Amino acid sequence: MSGKRISLIVNGESVKAEVLVNRLLSDFLRDDLALTGTKRGCETGVCGACSVLVDGDVVKSCLSLAAQVDGKTLTTVEGLGRIGDLHPLQESFMAHGGLQCGYCTPGFLLAAADLLSRNPDPQDAEIREALSGNLCRCTGYQGIVDAVRNVAESTHGN
Amino acid sequence: MMETAKDRLRLIGTSRQRVDALAKAKGEHLFPSDNAMQNALWVRVVRSARAHARLIGVETRAAEEMEGVACVLTAADVPGTNRYGLVIADQPALCEDVVRYEGEAIAIIAAEADEIARAACEKVEVLYEDLPVIADAATAESAISLHPDGNTCSTVALGFGDVAASEASCDHMVEVAYTTNRQEHGFLETEAGTSWIDETGRLTLSVGAQNPFNDRRQIAAALNLAEDKIRVLNPMMGGAFGGKEDCNVHIPLALVTIRTGRPARFMYDRRESLLSGVKRHEFNIAYRIGADSTGKLKSAKVNLRADAGAYATLSAAVLAQAAEHASGPYVYEASEITGKAVYTNNGIASAYRGFGIPQTSIGVEQAMDELARRTGLSPFEVRRRNLIHEGEMAAAGFIMAADTALAAMLDAAESGPLWGDRQEAKSRAPSWVRRGIGVSAIWQGYGLGSGLEKGATVHVSLNDAGRYHLEVGTPDLGAGNLTAFLQIAAENLNTTIENFEYVAGDSLGPNSGSSHASRTIYIVGNAVARAAQELRVRILDHALAGRDNVTVELEAHHVVLSGARIALADIARDMAGTKVVESFVPVSPKPVHFGIPHAGYSYWVQVLGVDVDIHTGEVAVTDVENYLDTGRTINPDGVRAQCEGGFAQGLGYALYENSIYTDGRLRNPSLANYIIPSVKDMPPRMTNTIFETPDHTSPLGVRGIAEISLSPVAATVANAVHDAIGTRFSQFPILPEAVLNAIHGEA
Numbered sequence: 317m318s319g320k321r322i323s324l325i326v327n328g329e330s331v332k333a334e335v336l337v338n339r340l341l342s343d344f345l346r347d348d349l350a351l352t353g354t355k356r357g358c359e360t361g362v363c364g365a366c367s368v369l370v371d372g373d374v375v376k377s378c379l380s381l382a383a384q385v386d387g388k389t390l391t392t393v394e395g396l397g398r399i400g401d402l403h404p405l406q407e408s409f410m411a412h413g414g415l416q417c418g419y420c421t422p423g424f425l426l427a428a429a430d431l432l433s434r435n436p437d438p439q440d441a442e443i444r445e446a447l448s449g450n451l452c453r454c455t456g457y458q459g460i461v462d463a464v465r466n467v468a469e470s471t472h473g474n
Numbered sequence: 230m231m232e233t234a235k236d237r238l239r240l241i242g243t244s245r246q247r248v249d250a251l252a253k254a255k256g257e258h259l260f261p262s263d264n265a266m267q268n269a270l271w272v273r274v275v276r277s278a279r280a281h282a283r284l285i286g287v288e289t290r291a292a293e294e295m296e297g298v299a300c301v302l303t304a305a306d307v308p309g310t311n312r313y314g315l316v317i318a319d320q321p322a323l324c325e326d327v328v329r330y331e332g333e334a335i336a337i338i339a340a341e342a343d344e345i346a347r348a349a350c351e352k353v354e355v356l357y358e359d360l361p362v363i364a365d366a367a368t369a370e371s372a373i374s375l376h377p378d379g380n381t382c383s384t385v386a387l388g389f390g391d392v393a394a395s396e397a398s399c400d401h402m403v404e405v406a407y408t409t410n411r412q413e414h415g416f417l418e419t420e421a422g423t424s425w426i427d428e429t430g431r432l433t434l435s436v437g438a439q440n441p442f443n444d445r446r447q448i449a450a451a452l453n454l455a456e457d458k459i460r461v462l463n464p465m466m467g468g469a470f471g472g473k474e475d476c477n478v479h480i481p482l483a484l485v486t487i488r489t490g491r492p493a494r495f496m497y498d499r500r501e502s503l504l505s506g507v508k509r510h511e512f513n514i515a516y517r518i519g520a521d522s523t524g525k526l527k528s529a530k531v532n533l534r535a536d537a538g539a540y541a542t543l544s545a546a547v548l549a550q551a552a553e554h555a556s557g558p559y560v561y562e563a564s565e566i567t568g569k570a571v572y573t574n575n576g577i578a579s580a581y582r583g584f585g586i587p588q589t590s591i592g593v594e595q596a597m598d599e600l601a602r603r604t605g606l607s608p609f610e611v612r613r614r615n616l617i618h619e620g621e622m623a624a625a626g627f628i629m630a631a632d633t634a635l636a637a638m639l640d641a642a643e644s645g646p647l648w649g650d651r652q653e654a655k656s657r658a659p660s661w662v663r664r665g666i667g668v669s670a671i672w673q674g675y676g677l678g679s680g681l682e683k684g685a686t687v688h689v690s691l692n693d694a695g696r697y698h699l700e701v702g703t704p705d706l707g708a709g710n711l712t713a714f715l716q717i718a719a720e721n722l723n724t725t726i727e728n729f730e731y732v733a734g735d736s737l738g739p740n741s742g743s744s745h746a747s748r749t750i751y752i753v754g755n756a757v758a759r760a761a762q763e764l765r766v767r768i769l770d771h772a773l774a775g776r777d778n779v780t781v782e783l784e785a786h787h788v789v790l791s792g793a794r795i796a797l798a799d800i801a802r803d804m805a806g807t808k809v810v811e812s813f814v815p816v817s818p819k820p821v822h823f824g825i826p827h828a829g830y831s832y833w834v835q836v837l838g839v840d841v842d843i844h845t846g847e848v849a850v851t852d853v854e855n856y857l858d859t860g861r862t863i864n865p866d867g868v869r870a871q872c873e874g875g876f877a878q879g880l881g882y883a884l885y886e887n888s889i890y891t892d893g894r895l896r897n898p899s900l901a902n903y904i905i906p907s908v909k910d911m912p913p914r915m916t917n918t919i920f921e922t923p924d925h926t927s928p929l930g931v932r933g934i935a936e937i938s939l940s941p942v943a944a945t946v947a948n949a950v951h952d953a954i955g956t957r958f959s960q961f962p963i964l965p966e967a968v969l970n971a972i973h974g975e976a
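As you go down the protein sequences, you meet chains R and W in turn. Just so we're aligned: the first sequence equals residues 317 to 474 in our numbering. Just so we're aligned: the second sequence equals residues 230 to 976 in our numbering.
One chain only, chain W, in its complex shape (with noise of 0.2 Å):
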């Protein structure tokens, strides 16, 4: 067959507007919190004060006998196991004989109006026999066991060739220590669902959440039902970042929906959803790397310890992927990476965009900018020189696959602006600020890592009507990845955006696993883009039914066979069957650990200039330069969206977020104490440098960048902080309290 390809549509590489964008503007899009149904019952629940004890008694009698309470549910009304959990089940949905996190789940009411149930709630009466706390993540291995295996919540220990010998053999040593603070998602809407008993008899849940098949199965697990029996539902929800991957809202409302078979619906208060929401993982890092006289990198010793808080959940993957990248994108002679992730009674920690990444790039980044000083070479020539290579073994003991995108852009960097310009800068600072600017170059794989990956299905019809149907079973939590699917697959098939429908985040829908680990571009996008490609064939091959010497081409409503027009419409009707099911995993590299390598990586450099102010310690970030590989683009906007966005999370990360624990309790569950930026707090000077090398395990050639937007910006505050007041911080966030102190002399 020939086709023609004049009039293709482009639509890869342009600005497309959401296609969510008007209902959201006009506050119509119904979020997880908004679309409960009529009559449905509202939930609560009653959670624990304590940090660790022992559960006594729950007396909830009281709370029965209320007018309008629909029913109180305790662990012994919990029909299966009782147990749910991304990797393992070891949380229970409703505490048994232990609490084990200020906030831990104890009891769920259903009422008639939301008045009454946390009036109910106040009625329940819990009895507690305290037990030691852990608090601190440093002793908690010889503390009292939060679970029978002990309080070691998994380890990693990576690494190849004498490290002791190339330290031996350094001319120059470096040593970080610091502890990273507990950083909340904040997203606007609180963890949120409704449920009900559909029409067919299933349980239907529609909440915000990340993967609808995990949710699935955890209810079903534990609840004892069968997982056809139940349908999740995650519609567009306002922001999740990681922080709605664990089941939320879930099991209280299919407790309470399949008690009652009424429907129900349940939204976190704010200081609920702080108390028991997951948080990113408080780590505590000691770096030691070694170079020679001239700036070459040699060794690399990296100890880190995350606290993982109540449960596991995540924290086994969230270990290794930090020590996957702990090295940084630099190649060593001899490397030796351990860590451990341990069990305390400070929350749970688990998910949040940056996945460990964060927090192991303000010491390998430090380090570099410290050896930087100290041979006098740029920031830029000293990572350089020491990038790693394709061939190259890795700190953490993989060969990289390909060569890194960061030399070029280094080069772009050091040419920017605000480089360029730092010397007059600084002599235009007023009296009361020092001036500084900040370098750092970082990596972040993007996909699950190897061995987890189990890419993604989509589908991809065309309808009766002439439309096509895009269905996706990973949801949009926000960030516009539905948008970018719709582009890829509308310009395979020449058509446009408005000419499809599309359902994502259904349970009865395909498989394309979670929203989350910056895939869903690469992953799904790669699933879509081969679905639509798959029905282009097979609407071509129709039209032709096997005729020689006439061009056939596909527009957006028709099929052209040799100058006819012919209706996709008439087209579809004619097909035994359109729907095109397609499947893209990419090839997983050998894995050496849990999820090491990954199939690709992600690069950014960031500079960035901060004004400390010597008189209240404040630190205000004025100037950023962002440097990005995309590998393609497919949405400028929507690349602009994530480096504007994961900037205002990183610059929450560096200087103002952590949620405070003392002995178990959480110190700061408000958004008043508990403080995310606003629009003053964002430096007023942005750029963002967009490069595309394409990822060659990439059939779009697309890399994700949904978390590496975040992940640098801790680590080049801390080093333009430096450049300013000539201090390192061992505790992060910077904030102006140990700023003062340290210009003012004190330790």
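Bound-form chain R, shown alone (with noise of 0.2 Å):
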């Protein structure tokens, strides 16, 4: 299997990797990033665990090829929130039981980011919409959905 040359900016910083062709973006995330905050759950595309931003919108890295996001700018949840300071929706998602086992959780973070960059002031609808690429076995999605609303709402006040 042949090799590529990549160059990418992941959470703000600069890495450049050689990684064979079919290195899946998910795998080169965890396992030579060692950002293992990005998630397998299905490898299929269905879960949405592996979910992350390239160049702002929101993809599965378990369908991407490393090789794809030669050039691109990735954020994970690592980088999601500021140094020292926690992205809103993180502090929403643990204000509001947004999570329990925690393993859907980057994703969703990442799916809503995505959301509230397009749309700072979505309807319910448009939640569970942007939210439906993801699954999660624990909370029954009520508290997610509410931690969304929640930043959208105090973004807005009202």
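Everything labelled a hint here was simulated from the structure, so no lab data went into it. Nothing here was measured: the structure is a model prediction, and the numbers come from that model. Yeah, the Cβ is synthetic: ideal placement off N, Cα and C, and Gly gets one too. Errors might be hidden in some of the hints.
Okay, the calculated bits of chain W under chain R, using three or more residues with CB under 8 Å as the criterion [to be verified]:
1. 246-252
2. 258-264
3. 408-422
4. 455-469
5. 700-711
6. 872-885
7. 899-910
Some, not all, of what chain R presents toward chain W, calculated at C-beta under 10 Å [to be verified]:
8. E359
9. E394
10. C420
11. V461
Relying on the hints, combine the two individually framed chains into one complex.
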């Protein structure tokens, strides 16, 4: 299998690497960069546990190749908050029962961040639509929806 | 001594953020699939492609010769009995002569990279000679034997009185017959873990599982190791729900590390998890319930047949619990409850949240619904007038030790908005929607049943830094029980959760039993309360040093002795030892059968509304009211989390989820075709009304609610769908195809 040199920005830092052309982005992040906040869940793009942001858009990293993100800017859950400061979504997930076992949490956080960056004041149905590509088996989702809504409302003061 | 009670910190009954919330929100928590050591070998397992076959040969040479392969292990490489199992050790760690289900382990490969291990698996050649596949539980007992004693895994026969005579005097006979689905746990993190030899030479495993002591015992026996040469850690994992009680990655990891001396890592692929992970039992159930003209129940005749799959594991216990609860929380004049679990080649069935009760609730609660219709009673009244009371004999043949908590819950539910507004809600339905309301009232024992519950031991201590330390053996599977334990401990020591360090899920620590059976808050929680209370007494006694006429008070970080503040750190340094070892074992009633009855029961009333789309056959749950009894709430947010999460799994069980086997082959081993509810499937409105009727067997008063949150859902949905379209279904889940057929009058 041939290799490819890639260079990208991950959580604000420049990364250069040589990867096999069939290296999954999820494996590259977890095993090569030790960013284990990105999870393996289903390996088929169904559960969303591996979601990351690529140039600001949410992407399932188990369906992407590392070679495809050459030149791109990535955000994983480790880069969601600013240094020493949680992202409002992280605080809200903690405060509103948005997580239990926590395994799906990084994927939900990134899907929610993607939603709020495009639509800062979503309706309930829009929140549910945006999160429908992620599975959670613990919470029943209500805490997650509440967490996202609270961030939107606190930002918009309504 | 005099202790003042001012400014006591109140933690029990208040919502506290989970202690693990921050690490999880930051993505920093290391799950069992995350914490592999540098230099760890990647483990993969060659699994059976057949459901039932003789193993003629396993050719491993090509795999062994691959560069980067560290070892290839087959049954001949297993040093011990090569057998494991939670109750009886009947499962081979690696198959010897026969494979009994698709996905059973045949060979283990460890390699320097995952890609190499996967490629090596492809190089292993397995030769099979097919045997007849037992695909149908109905005929399994007359088929070729999977085990030396035949294909009957376990049986149960309970009841009292003369059912035939009772039935002869009934005015109403209600029959309900149906087959339930095999449900997959669907934890987001598949079975995963790591292994290594620690600095003392001890084999150490860190795995996602539910009891480090059960794990250790099974590994030791299968591999002929002394238990004290093994340490098992169960760190916080990505969910379990009963599906990680059985050993999973344990023995492959242990074998590789023993053979190579190197650390190893293993995480099931999702397909592997769906194939070889355990499932909720498929049950075939027939109910015949008789009542008089006033709706008073008289007779219960129930037959249960569970498909155990290929090995025993917890099938006998699941069958017994299904039989124990089959009557619902009602009283009859005669009963006959029979059942069996049989071996087939349909995977393996074992524990799953609910443990037999989701299956039987579907039958008894539909029968109650039907009886309400025939008598003209409200669904609340028909249940209320049949509730079992203290001192009465349950259908399973034991005397109820206490009243149910259901009367007040049924009253509240009947006054709730869903029931009150039902006619108006139905009249508002659009033309393509049939709207229905369903009701159920159920019970579920918590803690292991009579004769099986060994209780829990925990440690609480005060260290030289003035901080407390809590050790429990039960892992936190994700539900948040550790946070509840810390609330209990901290309140009893009048300190804060932040002043605690903690360890959970370590076989070097105290044995608190498993995280299962809705037992942790009830059993372990009471042990934690006792230990904290004892430590409080010891600290105050030490500070008093036998003096009278002084006041003493325990504050968060100090003891105040007649106004003088002494730091806890100073007290700890001065005490000869602060470690308190305490246990709680509930007083078990006399067993009438394996695990029957339970020391305590939880109760739940559920009312929900559905919209049935007559064009697509889809059923949408729109509104849910839960009425539950916690005994005493430790953490309201945690209770809400159980209500909502349990409902979601119950909704999947009612409407979507089924592991479909044909000729012993799993047809849907992917989350693309095994459908778990998403956020869009959840009802937009759910309320949880909490009652607190203390359990007299529980010093804290608490009851277990983790499982009962799931158990009523399929029954309530079935009643609501019947209310909407007038059909009872014989096959679960209730799929759109069947709903459409029912609407169009096709059988």
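Tested hints:
1. 246-252: Holds: 6 residues of the segment 246-252 of chain W have a Cβ under 8 Å from chain R.
2. 258-264: holds (count 5)
3. 408-422: holds (count 6)
4. 455-469: With 4 residues close enough to chain R, the hint holds.
5. 700-711: holds (count 4)
6. 872-885: holds (count 7)
7. 899-910: holds (count 7)
8. E359: holds, 6 Å
9. E394: holds, 5 Å
10. C420: holds, 5 Å
11. V461: Constraint on R:V461 satisfied, holds at 7 Å.
This entry satisfies every hint, going by the numbered hints stated previously.
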